[in-house]
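K.L.:
All residue numbers for the sequence shown refer to the UniProt record's numbering, where the first residue is 1 and numbers rise by one.
Derived from the structure by calculation, the hints contain no laboratory data.
Careful: at least some of the hints might be erroneous.
[To be verified] Taking lysine to any residue and the SDA-like style, the derived pairs with C-alpha atoms no more than 25 Å apart in a straight line are: (1) K306 with L401; (2) K254 with N352; (3) K265 with L239; (4) K90 with Q226; (5) K370 with Y355; (6) K405 with K14; (7) K52 with I41; (8) K213 with K332; (9) K409 with E395; (10) K264 with T366; (11) K77 with L239; (12) K308 with N396; (13) K403 with L378; (14) K52 with E38; (15) K120 with A105; (16) K332 with Y374; (17) K2 with N66; (18) K212 with P195; (19) K14 with S49; (20) K90 with L128; (21) K218 with K168; (22) K90 with N352; (23) K264 with E247; (24) K104 with D162; (25) K104 with K14; (26) K168 with F155; (27) K104 with K90.
[To be verified] Ranges of calculated distance between the beta carbons of each label pair, as one might list FRET restraints: (28) K257 with K403: 33 to 43 Å; (29) K269 with E185: 37 to 47 Å; (30) D61 with G118: 51 to 61 Å.
Predicted model only: the values in this text are computed from it and were never measured.
Beta carbons are placed, not taken as given, at the ideal position from N, Cα and C, and that holds for glycine.
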Amino acid sequence: KKDFTLNECVENLKDIVYLLESSYIGFDEMEERGFDKEAFIKNSDSLFSNEKNISLFKLSDYIYNNLHPYINDCHFKIGCGDTYYNFGNKKVIFLSDTYVIKIKAGYKVIDSSQIPIGTKISISDENLFKTIHNGKEVFRLGVLASKGERDYTKFLPVSVNDENIRLKCIYIPKTFSSNVFTVVETKNSVYINIPVFDTNAEHFESFRKLGKKYCNKKNLIIDVRQNPGGGDPYFNEFLYDLYSGEENESIFTKFLKDRDSAYKKRWIKSPLNEHIFDFEKDSSYGITYLENSKKIENNKIKFKTKFKGNLIFLTSKSSASCSEDIILFSKKLFDNVYTVGMNTSGSILYGNILYYRLKNSGLILTVAQKEWFYDNGLEEGTGIMPDYVVSGSFENTILFLTKDKKIAKKVSDLY
1 KKDFTLNECV ENLKDIVYLL ESSYIGFDEM EERGFDKEAF IKNSDSLFSN EKNISLFKLS
61 DYIYNNLHPY INDCHFKIGC GDTYYNFGNK KVIFLSDTYV IKIKAGYKVI DSSQIPIGTK
121 ISISDENLFK TIHNGKEVFR LGVLASKGER DYTKFLPVSV NDENIRLKCI YIPKTFSSNV
181 FTVVETKNSV YINIPVFDTN AEHFESFRKL GKKYCNKKNL IIDVRQNPGG GDPYFNEFLY
241 DLYSGEENES IFTKFLKDRD SAYKKRWIKS PLNEHIFDFE KDSSYGITYL ENSKKIENNK
301 IKFKTKFKGN LIFLTSKSSA SCSEDIILFS KKLFDNVYTV GMNTSGSILY GNILYYRLKN
361 SGLILTVAQK EWFYDNGLEE GTGIMPDYVV SGSFENTILF LTKDKKIAKK VSDLY
């Protein structure tokens, strides 16, 4: 159905409010941000009252415009035909061409087309992004900011010799990887490109065995630059084999239990869980909030770690959901974990997604059942910040971390 009466539109809005109230873990946060469910329904009357027929896309635009200010959830979407409305406030890194090093009183410019080399400047830590330049660890100046649809440039105010200049910073949305599962090996290192964490994919059976195979390597590079996520079971066995490697079911069970309790979270039980894709109002209306009582207090889970090498994740803004989960959990398991590239998607605070289709309009809503609470200041839409920012070739950074010229060259030659 493509056109609706006012009454049908109102019924759709009521269904959405019911769905959010009874099944969305983030609804209370919507209300904290000022969402008024009565106004959401009532305001449509003044907007559509003079129209005999309201198109599906006009209805969808109304829903989006009136929900978007109150939802910051990168998993939350509304599907209207082939169009999807996204609700995450995503931030990206805009980088300048200016590189600096730390000195006693501030920072000194070592390379730039905008500021004379050798100039001493003062700059906020939030505008310093660690990177590798000419084989050395330095900082690149930039800005972390929200990005509009055609927004590729930001300007960073910098004081240079008592004069304020606007440093041009650019967002470069390149991922330099493919959607093909790839394994490249050298004597000391291995590179694995994983396009998606899909347990139904052909590469799942191959990947799950690689933890045991490569646990003695000095460097393990996992490329998730094109990986939108999937399911945690894809990488559980891989990490377990890297971490323990013991073929012991009880230890593996304990490993999974510790993984599940590694972060504080809350989730809901909703009557609508029984009506996925066939939305119905349930007479047992109500929502039950559940919460795990404690998280693991220590930074590391208490097992003997088998893998002692460098675990390097190549990331981009397309690295989402489970791609972020594997990084966060790896940092609890291993000592030498690095992220290289750009900040990730930021689809990390909400999960366990269910899909609901409204009967009246056919609109599909993706709704999260769980919310996670991290102790390291992670933000939805911002994601995991890179330990080393890279906007071009990864060869120099991989070489710096691995000291393996062959793997750095092989990875560079792939893309």
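K.L.:
Please go over all the hints and tell whether each is borne out by the structure.
P.N.:
Evaluation of the provided hints:
1. K306 with L401: Satisfied, since the Cα-Cα distance of roughly 20 Å is no more than 25 Å.
2. K254 with N352: The given pair, whose Cα atoms are some 22 Å apart, holds under the 25 Å limit.
3. K265 with L239: Status holds; Cα separation ~22 Å.
4. K90 with Q226: It holds: about 17 Å lies between the C-alpha atoms, which stays within 25 Å.
5. K370 with Y355: This hinted pair holds, its Cα atoms lying about 14 Å apart.
6. K405 with K14: violated, 61 Å
7. K52 with I41: Holds: K52 and I41 sit about 18 Å apart, inside 25 Å.
8. K213 with K332: holds, 21 Å
9. K409 with E395: holds, 6 Å
10. K264 with T366: holds, 23 Å
11. K77 with L239: violated, 31 Å
12. K308 with N396: Holds: K308 and N396 sit about 22 Å apart, inside 25 Å.
13. K403 with L378: violated, 31 Å
14. K52 with E38: holds, 23 Å
15. K120 with A105: holds, 8 Å
16. K332 with Y374: holds, 12 Å
17. K2 with N66: holds, 21 Å
18. K212 with P195: holds, 21 Å
19. K14 with S49: holds, 17 Å
20. K90 with L128: holds, 20 Å
21. K218 with K168: violated, 39 Å
22. K90 with N352: holds, 20 Å
23. K264 with E247: Outside the cut-off at roughly 29 Å; violated.
24. K104 with D162: holds, 19 Å
25. K104 with K14: violated, 61 Å
26. K168 with F155: With a Cα-Cα distance of about 5 Å, the restraint between K168 and F155 holds, given a limit of 25 Å.
27. K104 with K90: violated, 35 Å
28. K257 with K403: 33 to 43 Å: holds, 37 Å
29. K269 with E185: 37 to 47 Å: Cβ of K269 to Cβ of E185: about 46 Å, so the range 37 to 47 Å holds.
30. D61 with G118: 51 to 61 Å: For D61 and G118 the Cβ distance comes to about 53 Å; the hint holds.
Comparing the model with each numbered hint stated earlier shows that hints 6, 11, 13, 21, 23, 25, 27 do not hold.
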